[in-house]
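Chains as they are written, first to last, in my numbering: chain L, -1 to 616; chain S, 6 to 145.
The hints are simulated quantities; they were obtained by calculation from the structure and are not laboratory data.
Glycine residues also receive a C-beta, built at the ideal position from the N, C-alpha and C atoms.
Among the clues, some could well be false.
Here are some chain S residues pointing at chain L (derived, C-beta under 10 Å) [unchecked claim]: (1) Trp69; (2) Pro93; (3) Val103; (4) Tyr121; (5) Val124.
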Amino acid sequence: MSTPATTHSTEPGALRWYRWLVWAGIVSNIAVSIVSIIYPAEVLAFVGVDPATPLIWPRLAVMLLALLSIFYIPAALDPCAHRFSAIFAVVCRFAGTIFFAIVGGRYIPFSLFDFVFGAPQAICLYLGWQRMKAGAGVSAGRPVAVLASLLAVAFFLWSSFQWFMAPVVPTFASDEEHFKYGSIGNDGASGIPYPLWVAMPAVCAHHLPRPQGYAAFGLLYEPGRNPAVDSPIGFSRAKVGVERMSINCAVCHTARARLAPGAEPRLYTGAAANTVDIQGYQRFLSRCAADDRFTADNLIPAMADKVKLSWLDRLVYRFVLIPIVRKRLLEQRDAFAWTNNRPTWGPGRIDPFNPVKFGMLRLADDGTIGNSDMQAIWNLNARERIRSPSPFHWDGLNDSLREVVISSALGDGAVAKEFSYPAMERIERFLRTMPAPPSPHRPDAAAVERGKVVFAANCGECHASGGKRTLTVIPVSEVGTDVHRSQMWTEAARDAYNNYREGRDWGFKSFHKNTGYVAEPLDGLWLNGPYLHNGSVPSLRDLLESPPQRPATFVRGLDVLDGRNGGFVAPSCDPRQDPAEGFCFDTRLVGNGNGGHVYGTSLSATEKSDLLAYLLTF
Amino acid sequence: MTDALSIGWTAGQAATRRTVYRRVLGFALIVQTVLALIAIVAPIWLARAAELPGAPSAGWVRLWGLMLLITAALYLPGWIEPVYSRVPNVIGILAHFVLAVAYFGLGQGLRWFALYELVIAIALAWSYGRLVCAELMSRP
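Using the sequences provided together with the hints, build the complete structure.
Quick look at the structure:
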């Protein structure tokens, strides 16, 4: 039967401490369990971990925690009599420590909780048993205990830092809000501290194209939001140590349009961004960082104008964050130096893959130009009903939507340690079912009926939802449009992406090389201008003209719809002079060519007019 | 019959019942450990296969698995020396009953776990009761 191996009056002090620590652990566990069973949601929110659905899971977990705490009682009563229980009590604390440390992120406090009890218990148990072996009153095992204590403190500090730097991302009730403002896992890796981000337009106003803050780059703000301090669409505001601003998918996939110059603009989620100048925004950040005014003396007062800063914040920004952000932005400028030798992207355009090739995939600069129009990403389920698997991106370089969503996030700076598959799956679900907005244009009904016939005869094979070549890749030699975007995607890039294993095995296997462009279905066509993959033709009417007749230069980035010609209003311009609004796009530059796609150009004027009327209804 | 023979018989009975209890407990611990490892390694698969309540949540199912694993580890002293380490055994048997009630209350696929916990709890309580009685009877 059970007989204590040592009486409490004669036990070494270390063992007494061990017993007290085990009791303290039991009481703490049970206190946490009771509070968590009663207020699970509040406890989860307080600790900052992901919300659980349903709440029975955290309740079950803490109920088990209370139950297993009772198993510690024998060790707390007499660690000598219940040697195994004493050892297992320590082992189990370390199991919890290791488990939560591996899970990482916001779960690290749980790891620290177990560690705070486990490490001293282990040291006290070791010391107590050593002293019992050596005889009462003799100091034994002290060097080992000191070393263990130092290691414990080091681990504690490391874990605390990991916890402090773990991303706390905002959660959104609606999928659309998640798409517009949710994190894609790039906050820590490429986010800019929020107070600094809001201060930069004030400190570096002379680097803005117009005195409108970030709105000067066409970034979109929802009604009621204050552009001076609120997030534009396409930016997540997440805490990684400090609050940071970083881009997400919506920055390139939300458009703004209005029916007339004086009309109220409307925002269209999932549409190809028409106003956002992502390259201009990026260059502004780099230029600001390189500017002499990018100093703590200038930035901190500008930050304090917009955000409340404590003395500690000011200290950290002055000596740590401002120098680090400056260094990172200058590194980014250097990493994008290759863009200086290519045509400027302009609003609504991007070279989506060369930054990935030369950065993330570490391929050498091959001189290619991938400048292309941003794409609408709605109705993806319908797209897969037309053709499955369905090619994505202008050249159909991947036909797995999962891979496209994940690789796009990686291209925007997401990293493995911040990446969340559920967050990506939520975006994918949203995009699959989000419909294209109906056209607001109301062309003549009779012309539309006649145009339908012209469309079926001349365009339907490639662009009707039942067309036999719709969503297939049409060779460049056949379609004749600018070849550069197609040439940009190389076999080397394909192989590098399929073999990409940075941080984890991403499971890419669907990247392939095509030599043409996808014949896209026309849903939401009214919002997709300018047209062709490189956005080189301003209107549908121009697209029905032979290439020499198409405008050589025009203004991009305006948001007034052209209800007569299709697309957006795009006046002609002189590339040597910046227009008052928007960006002067020059089709004579390499990669900007407006040739090819001559289908329908030989139709009669009446047929073109009817066809245009029909196209305006998409 | 001599005292020596009588004591030898009761000690033999106690040894037999100790073996029975350890086998039942060993089986329960192995099942619990396997379940815990599956929950940690393949949480989504387990959640779907066992029709656990709610949307599959890898993190929380893993945490449940960890708790089961730790509980099994803390139960081990009771398996190693069931008579000497009575506290883990008594707590463990009560814990199985509590889990049976909790799983039943949580519903869906967890009701199968509730049934299993109840059967194991009864088997453990019965065999441990017999072991304790036999052990007491074996003492002069």
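query: Against which earlier hints does the structure fall short, listed by number upward?
result: When the structure is compared with the hints, numbers 4, 5 turn out to be violated.
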